[in-house]
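Participant: Sequence:
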Amino acid sequence: MSDEVSLQPWTADDLPVLQRTNTPRMTAFLGGPETAEKLVERNERYRHGWETGDSAMFTIRLAGEPDAVGTIGYWPATWHDGDVYETGWGVTEPFQGRGVASRALAAVLRHAAEHGDRALILAFPRVDNAASNALCRSAGFVHHGEEDFEYPKGHPIRVNAWAYDLQAVRSPSRGLG
327 MSDEVSLQPW
337 TADDLPVLQR
347 TNTPRMTAFL
357 GGPETAEKLV
367 ERNERYRHGW
377 ETGDSAMFTI
387 RLAGEPDAVG
397 TIGYWPATWH
407 DGDVYETGWG
417 VTEPFQGRGV
427 ASRALAAVLR
437 HAAEHGDRAL
447 ILAFPRVDNA
457 ASNALCRSAG
467 FVHHGEEDFE
477 YPKGHPIRVN
487 AWAYDLQAVR
497 SPSRGLG
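Each position in the sequence shown, counted from 1, maps to that position plus 326 in the numbering used here.
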């Protein structure tokens, strides 16, 4: 099996990957598993984001695997009174530790740089999420310290704020900036 990673824009048929990532272990840093109803709502929101431009959510595909192995995406957000993107990801347990998240994150950073208009993309992993914090560090994000955050809504958590300069990967010919 090849380890080639690709991203596919979210479709209505992608609910199964949300179900596979909705385990206690996979959601330990996200407030725990969601109800079946919440997953259906999330699936529709991810799909609808492509129509409205409110988000760019993808399934992570691995060559030779018939099913998506994870999720990743980005959406407009505000950080310290500035317009940024926020990103988040999850790779199903059988495919963790193989560099899938790293390659998917590199691809989503390229997509945001090529198709977006904001200078920064942020990630906010919980301070105790060693794997996601290590991924941010290795992908070239700059650590901006710890912050209070709410996820899910109404659930206060402590996160590390990581920022990535999208200008660094933008093509000079695009003239973005």
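Hints are not guaranteed to be accurate.
[Stated by the list, open to error] Simulated restraints on C-beta separations: (1) THR353 x ASP393: 14 to 22 Å; (2) PRO478 x GLY408: 36 to 44 Å; (3) PRO342 x PRO478: 29 to 37 Å; (4) GLU377 x ALA354: 12 to 20 Å; (5) GLU391 x GLY480: 21 to 29 Å; (6) GLU419 x ASP454: 25 to 33 Å.
[Claimed, not checked] Simulated crosslink set (EDC-like; lysine to aspartate or glutamate; CA at most 20 Å straight-line): (7) LYS364 x GLU440; (8) LYS364 x ASP339; (9) LYS479 x GLU363; (10) LYS479 x ASP339; (11) LYS479 x ASP491; (12) LYS479 x GLU412; (13) LYS479 x GLU360; (14) LYS479 x ASP380; (15) LYS479 x ASP340; (16) LYS364 x ASP329.
It is worth saying that the hints were derived from the structure and are not from the lab. Virtual Cβ for every residue (Gly too), placed ideally from N, Cα, C.
Participant: Confirm or reject each hint.
Facilitator: These are the hints, each one checked on the structure:
1. THR353 x ASP393: 14 to 22 Å: The hint (14 to 22 Å, Cβ to Cβ) holds, given that THR353 and ASP393 are roughly 19 Å apart.
2. PRO478 x GLY408: 36 to 44 Å: Violated: the Cβ-Cβ distance is about 24 Å, outside 36 to 44 Å.
3. PRO342 x PRO478: 29 to 37 Å: Taking Cβ atoms as reference, PRO342 and PRO478 lie about 22 Å apart, which means the hint is violated.
4. GLU377 x ALA354: 12 to 20 Å: Taking Cβ atoms as reference, GLU377 and ALA354 lie about 32 Å apart, which means the hint is violated.
5. GLU391 x GLY480: 21 to 29 Å: With Cβ atoms ~36 Å apart, the hint is violated.
6. GLU419 x ASP454: 25 to 33 Å: 18 Å, violated
7. LYS364 x GLU440: 31 Å, violated
8. LYS364 x ASP339: 16 Å, holds
9. LYS479 x GLU363: 17 Å, holds
10. LYS479 x ASP339: 26 Å, violated
11. LYS479 x ASP491: This hinted pair is violated, its Cα atoms lying about 27 Å apart.
12. LYS479 x GLU412: 16 Å, holds
13. LYS479 x GLU360: Holds: LYS479 and GLU360 sit about 13 Å apart, inside 20 Å.
14. LYS479 x ASP380: It holds: about 18 Å lies between the C-alpha atoms, which stays within 20 Å.
15. LYS479 x ASP340: 24 Å, violated
16. LYS364 x ASP329: 31 Å, violated
Checked against the numbered hints listed earlier, the structure breaks hints 2, 3, 4, 5, 6, 7, 10, 11, 15 and 16; every other hint is satisfied.
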